[in-house]
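Colleague: Sequence:
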Amino acid sequence: MAQHNPPIKPKVTPIYQTSVFTFDDLTELEAYFDQPSQRYMYARYGNPNANELAEEVNKLEQGDGAVVTSSGMSAIFTAVLLFCQAGDHVLCAEEIYGGSSVLLNQELSRMGITVTYVPVENLYDLSSFTKPNTTLLLAETMSNPLLRVLDVTRLAAACQKESIKLIIDNTFASPVITRPLTLGADAVIHSVTKYLAGHSDVTAGIVVTKGEEQVKRIRQIMMHYGLNLSPFESWLAVRGLKTLRLRIKQHSSNALTIAQYLAAHPKVNRVYYPGLAAHPDHELAKTQGQNLFGGMLSFAIADDEAVVNKFMQSLPTIPFAPSLAGVSTSISHPVRTSHRSLNPAKRDALGITMGVIRLSVGVEEPEEILVELEEALKAI
Numbered sequence: 001m002a003q004h005n006p007p008i009k010p011k012v013t014p015i016y017q018t019s020v021f022t023f024d025d026l027t028e029l030e031a032y033f034d035q036p037s038q039r040y041m042y043a044r045y046g047n048p049n050a051n052e053l054a055e056e057v058n059k060l061e062q063g064d065g066a067v068v069t070s071s072g073m074s075a076i077f078t079a080v081l082l083f084c085q086a087g088d089h090v091l092c093a094e095e096i097y098g099g100s101s102v103l104l105n106q107e108l109s110r111m112g113i114t115v116t117y118v119p120v121e122n123l124y125d126l127s128s129f130t131k132p133n134t135t136l137l138l139a140e141t142m143s144n145p146l147l148r149v150l151d152v153t154r155l156a157a158a159c160q161k162e163s164i165k166l167i168i169d170n171t172f173a174s175p176v177i178t179r180p181l182t183l184g185a186d187a188v189i190h191s192v193t194k195y196l197a198g199h200s201d202v203t204a205g206i207v208v209t210k211g212e213e214q215v216k217r218i219r220q221i222m223m224h225y226g227l228n229l230s231p232f233e234s235w236l237a238v239r240g241l242k243t244l245r246l247r248i249k250q251h252s253s254n255a256l257t258i259a260q261y262l263a264a265h266p267k268v269n270r271v272y273y274p275g276l277a278a279h280p281d282h283e284l285a286k287t288q289g290q291n292l293f294g295g296m297l298s299f300a301i302a303d304d305e306a307v308v309n310k311f312m313q314s315l316p317t318i319p320f321a322p323s324l325a326g327v328s329t330s331i332s333h334p335v336r337t338s339h340r341s342l343n344p345a346k347r348d349a350l351g352i353t354m355g356v357i358r359l360s361v362g363v364e365e366p367e368e369i370l371v372e373l374e375e376a377l378k379a380i
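Following UniProt numbering, the numbering of the sequence shown begins with 1 at its first residue and continues without gaps.
A portion of the hints provided could be inaccurate.
Claimed, not checked - Lysine-lysine pairs mimicking DSBU-like chemistry, simulated, CA-CA at most 30 angstroms apart:
1) Lys-242 - Lys-59
2) Lys-210 - Lys-286
3) Lys-286 - Lys-249
4) Lys-161 - Lys-242
As the list claims (entries may be wrong) - Ranges between beta-carbon positions, derived for each pair:
5) His-224 - Lys-131: 35 to 41 angstroms
6) Leu-370 - Pro-14: 39 to 45 angstroms
7) Arg-154 - Tyr-42: 51 to 57 angstroms
8) Asp-24 - Thr-287: 25 to 31 angstroms
9) Lys-310 - Pro-14: 47 to 53 angstroms
Keep in mind the hints are simulated off the structure, nothing from the lab. Owing to the predicted nature of the structure, the values given are computational and were not obtained by experimental measurement. Built from N, CA and C at the ideal position, the CB exists for glycine as well.
Please work from the sequences and hints to get the whole structure.
Modeller: This is how it looks when you write it as C-alpha cells:
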C-alpha cells in the first residue's frame with residue numbers, strides 16, 4: 001500500500017538550502033523566462049527566503065520593491081549603480097560611514113565615477129556642488145558616528161531642484177523611526193546586519209526603491225554582480241525582523257537613559273544623541289522620528305589613547321566590537337575602526353577625535369549598562 005505524506009503547512013517559511021531549482025521540461029523553462037517572478041531557477045537570481053526578507057522590509061519602508069544583498073556595502077554599491085554609470089558625478093554627505101567613503105573614493109573612482117563631499121550645513125542647497133553630470137546625493141538619516149539628523153523632506157526637495165536622485169542610508173534609524181521613501185527619497189539602503197536582523201549573527205544588506213524600472217534595475221545589478229544573500233542568512237534576518245518594533249523601542253528608551261547619565265558625568269566632555277534637548281537636531285528628530293531617537297549614541301572623553309584604552313579595559317562585559325545594533329550593548333571606536341581611512345585632518349575637522357566612543361545601546365535593563373559605564377568612567 002502506497003504511503004502518502006500529510007500536507008505540510010509550516011507557520012515559518014522553511015530554509016530553502018538549495019543552489020538550483022528544477023524544471024520538468026523545456027516548456028517549463030521557457031515559462032520561467034517569460035515570467036521569472038512566478039518561480040525560481042537559480043539561487044543567485046533569487047530564492048524564497050531572500051524574497052521573503054525583501055518583501056517584509058519593502059512593506060516596512062513602503063517601497064515598490066526591494067532586493068537583498070550579501071552585505072550593507074553591497075547594498076550601497078547596488079544603490080549607487082542604480083543611478084550611475086562611468087563618467088557620472090555623485091554628491092555625498094561629508095559625515096558618513098567610513099566604508100561608504102572608501103567605496104566612493106577607492107573603488108567607484110576606478111569605474112569613472114567621481115565624488116564631492118558636502119558639509120552638513122550646505123546639504124539643503126546643492127547648487128554650488130552639482131555639475132552637469134551629477135546624478136545623486138548619498139546621505140544617512142542619522143549620521144555615523146556623531147548622530148546628526150537630516151531633514152529628509154528638505155533633502156529630497158534640494159535634490160529635486162537640481163534634478164538628481166536621493167539615496168538614504170536608513171541603517172541607524174530603521175523604518176520604525178523614519179521611512180525616507182515616504183518623505184521623497186528615491187532609494188533606501190540598510191545594512192541588514194544591524195537593526196533589521198538585530199542579533200549580531202547575520203551579514204546582509206537591502207535596497208528598497210520606487211518605480212517598476214528602478215526595482216527591475218536593482219534586481220539586475222544584484223544578479224549580474226553576484227551580490228545575492230544566502231537562504232540561511234535570509235531566514236535568520238526574517239526571524240530577527242519579527243521583533244524589530246519591540247527592539248527599537250527598548251533600544252531607544254535605554255539610549256535616552258544612558259545619554260542623560262553621560263551628559264551629566266564630569267569625565268564626559270560631550271554626548272551626541274538626538275534625544276537630548278541640547279542636540280542641534282532634537283526637534284527635527286522628534287517629529288521625523290515619531291518620538292523615537294534610536295539606540296546609537298556617541299560620547300567624548302579625553303583625547304588620549306591611554307585613557308580610551310583604560311576605559312575599554314574597565315568594562316566588565318560590554319565588548320569593544322567593530323559593529324553595532326545587537327541586542328547586547330557594545331562600544332566601538334570610530335577613529336580606529338569605521339573612519340580610520342579618513343584623512344586625519346578631515347576627521348578632526350568633523351569632530352571625530354581619539355576620545356570619541358560610539359555606544360550601541362542594547363536591550364538589557366538600563367541599570368545594568370549604567371553600572372558598567374560608571375565603573376569604567378571611575379577608572380579613567
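Colleague: Does the structure keep Lys-161 and Lys-242 at a Cα separation of 30 angstroms or less?
Modeller: Violated, at about 38 angstroms.
Colleague: Given the hint of 25 to 31 angstroms, is the C-beta distance from Asp-24 to Thr-287 inside that range or not?
Modeller: For Thr-287 against Asp-24, whose Cβ atoms are near 56 angstroms apart, the range 25 to 31 angstroms is violated.
Colleague: Please test the hint of 51 to 57 angstroms on the beta carbon pair from Arg-154 and Tyr-42.
Modeller: At roughly 43 angstroms between Cβ atoms, Tyr-42 and Arg-154 fall outside 51 to 57 angstroms, so the hint is violated.
Colleague: Holds or violated: are the alpha carbons of Lys-286 and Lys-249 at most 30 angstroms from each other?
Modeller: Answer holds: Lys-286 to Lys-249 is near 14 angstroms, not above 30 angstroms.
Colleague: Does Lys-286 lie within 30 angstroms of Lys-210 when you go C-alpha to C-alpha?
Modeller: Roughly 26 angstroms separates the two Cα atoms, so the pair holds.
Colleague: Could you tell me whether the CB distance from Lys-310 to Pro-14 stays inside 47 to 53 angstroms?
Modeller: holds (49 angstroms)
Colleague: Is the Cα-Cα distance between Lys-242 and Lys-59 30 angstroms or less?
Modeller: Status holds; Cα separation ~13 angstroms.
Colleague: Indicate whether the distance between the beta carbons of His-224 and Lys-131 respects the range 35 to 41 angstroms.
Modeller: violated (28 angstroms)
Colleague: Range hint 39 to 45 angstroms: satisfied by the CB atoms of Leu-370 and Pro-14?
Modeller: With Cβ atoms ~42 angstroms apart, the hint holds.
Checked against the numbered hints given earlier, the structure breaks hints 4, 5, 7, 8 and satisfies all the rest.
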